[in-house]
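Novice: Below are the chains, spelled out letter by letter.
Protein chains: 2
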Amino acid sequence: MANAADGMNYAPKGKPNPVVKEGEFPFAVIGLDHGHINGQCNGLLEAGATLTKVYDPDPAKVAAFIKSFPQAKAAESKAEILEDDAVKMVAAAAIPNQRGALGCEVMRHGKDYFTDKCPFTTLGQLEEAKKVIAETKQKYMVYFSERLHVESAMFAGELVHDKGAIGKVVQVIGLGPHRLGSGGRPDWFFNREEYGGILTDIGSHQLEQFLYYTGATDAKVLSSAIANYDNPDHPELDDWGQVTVVGDNGATGYHRVDWFTPDGLRSWGDGRLFLLGTEGYIELRKYVDPATETQGGDHVLLVDKKGEHRFQVNGQVGFRFFGELIKDCINRTEIAMTQAHAFKAAELCLQAQAQAVVVATDGGRPAAL
Amino acid sequence: MANAADGMNYAPKGKPNPVVKEGEFPFAVIGLDHGHINGQCNGLLEAGATLTKVYDPDPAKVAAFIKSFPQAKAAESKAEILEDDAVKMVAAAAIPNQRGALGCEVMRHGKDYFTDKCPFTTLGQLEEAKKVIAETKQKYMVYFSERLHVESAMFAGELVHDKGAIGKVVQVIGLGPHRLGSGGRPDWFFNREEYGGILTDIGSHQLEQFLYYTGATDAKVLSSAIANYDNPDHPELDDWGQVTVVGDNGATGYHRVDWFTPDGLRSWGDGRLFLLGTEGYIELRKYVDPATETQGGDHVLLVDKKGEHRFQVNGQVGFRFFGELIKDCINRTEIAMTQAHAFKAAELCLQAQAQAVVVATDGGRPAAL
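Protein chains in written order, with the numbering used here: chain R, 1 to 369; chain C, 1 to 369.
One or more of the hints may lead you astray.
Stated by the list, open to error - Pairs of lysine-lysine, DSBU-like flavour, derived with a Cα cap of 35 Å:
id, chain 1, residue 1, chain 2, residue 2
1, C, K21, R, K305
2, R, K220, R, K163
3, R, K220, C, K344
What the hints assert, rightly or not - Computed far set for chain C versus chain R, every beta-carbon distance over 12 Å:
id, residue
4, G157
5, E158
6, G184
7, F260
8, P290
9, K306
10, L369
Claimed, not checked - Residues from chain C that keep clear of chain R, each with C-beta distances beyond 10 Å, as calculated:
id, residue
11, P57
12, A134
13, G318
For the record, the hints were derived by calculation from the structure and aren't laboratory data. Note that the structure is predicted; figures quoted are calculated from it, not measured. Beta carbons are placed, not taken as given, at the ideal position from N, Cα and C, and that holds for glycine.
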């Protein structure tokens, strides 16, 4: 197994440097309902953006945010940020069903918008955002963190798209288990209208990856399903969901998301990605290689015609999305991600959620076949 | 004998654990079209059965078989075996679309039948076999080798059903990649009428596992799909297939099968099984732990509330199915497997194949969305 540790031929690129100078790309934050806002800000700051202001109706959330990001000044109101001409972008992690309206408001004030996933909870919100983009020419970008902020996932993109390491990608399988935790979740998390359903919410990471790795620009939901298998106290929570799609290029995707990460796992979730190609396959163990001595995440397993290859790429790839996004905002380009791609991923999730078969309710009551 | 790089001739050997004495359970073999017959015979012999005769119309296949199993006498004709009252069971690995008719003939001669999977290629064959069983009270058992002849799979059954290690099983995901190989496959392998389609064929292992691990006794196919992604020279070959099902207990299954094992993998296939439970999950790496130094197969990963646990169980579990089957035949019981279970698995595969959406043809031409 000499090649099990052979990463020499696939040397990943270094971390991207800041793409702008201090003050060149000021951004502000509105909406602190999801902790992902910290990751969004980290990514932008590492790429050189300048965080100026923060607003949330809850002063406690603002205080906690400023503790992590002391450069941010607490704004008196949302309007103070929206009307600040210096602010080029608003990053936001509002309650999911409020993200669409906030984004439209931000764009109508001449700023780009960078929201936590999921970007929308209804197809109507998506249509409204498309209209506002047509009017304003602003961007409605989405923090699909399970690819954009995971080095193994970024590396897999290089293997597939730049090196053709597995030939043509014919299928993506994504497993996205998450830890529910106990007591730490806000009420909206359990309210279907607010969180949008599991395929809308954490499923959005999955469909984005399907489109990205296969290169499909459109897709059709073949089948989707949701369940409440073990949470009778939260009947509106989908604790499990799956969707299978076929792309316009014939490639398929199967994606499962759930809230069943056991307490004994080191990580919040044993996220996996399997890319099946005509010339080989890739598996990502994104956050943990379970039940081994191996520490850390970002394990990339590649099997091709020549052998079995393994890489652990944390700290070696970086997160180029954020710098590319800043430059896209400045140059009005679409290098980091096209608007069409982000919205197609959103649309597929919403379709999958809307047409999902309910297989179990109220903590495991089987639906009739 | 067990050739780990070649699935067609993969014939595991276990510890002998005879349940009967020499001569107490004589069986014969008819039909040597698939190499699985070697595994079927190994399992029965290790459990104490006595192999008496073999018949195939091709003398070369018979000669090769007798080289491996010198105790078998070449019969002059199929009739010589069928009319031999001493023979209690006929083991067979005929061309798939001939398995049903052969089984009915065997049962009408007062013998039990033990066929390689897939047991049938059409629902009509299944119905006919049900009729003959009703008339004859004989058994039509199936060599679902990817569970019955895999120690990690047998061990997972103990973890789930005897120890309740992961609570209630809510989903099974099975990945069954296989190596196509070059030149070693007979013509029938590429002929749809004869092999039955990928979901009928290697998919049958998968649906059997879904029923077994979830405990469902009935299920509905939610969606299925097939493709010829990369084999334009064999347009009738499905080189990829998937199916998702929901059981009468609400548990779900997703199963992918394919012929894309790359040449660089040590094994004929990186078979995986993921069992998601309300209290934990299990992953099986059945034949290989890819891109690690670890040798051999039968890796069982269990994550529960207490931690992450790993077992490598090859040589430690054995294959109790075969001894149980022999005793079932003698005692007319159903300990090894019920007829209903075997036939439900077959029915689900045939339904999945019949209703499969074709997503790509002729080596990758996408079907219209």
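Novice: Confirm or reject each hint.
Specialist: Against the structure, the hints:
{"no.": "1", "hint": "C:K21 <-> R:K305", "verdict": "violated (47 Å)"}
{"no.": "2", "hint": "R:K220 <-> R:K163", "verdict": "holds (28 Å)"}
{"no.": "3", "hint": "R:K220 <-> C:K344", "verdict": "holds (30 Å)"}
{"no.": "4", "hint": "G157", "verdict": "holds (19 Å)"}
{"no.": "5", "hint": "E158", "verdict": "holds (18 Å)"}
{"no.": "6", "hint": "G184", "verdict": "holds (17 Å)"}
{"no.": "7", "hint": "F260", "verdict": "violated (6 Å)"}
{"no.": "8", "hint": "P290", "verdict": "violated (5 Å)"}
{"no.": "9", "hint": "K306", "verdict": "violated (5 Å)"}
{"no.": "10", "hint": "L369", "verdict": "violated (4 Å)"}
{"no.": "11", "hint": "P57", "verdict": "holds (37 Å)"}
{"no.": "12", "hint": "A134", "verdict": "holds (25 Å)"}
{"no.": "13", "hint": "G318", "verdict": "holds (23 Å)"}
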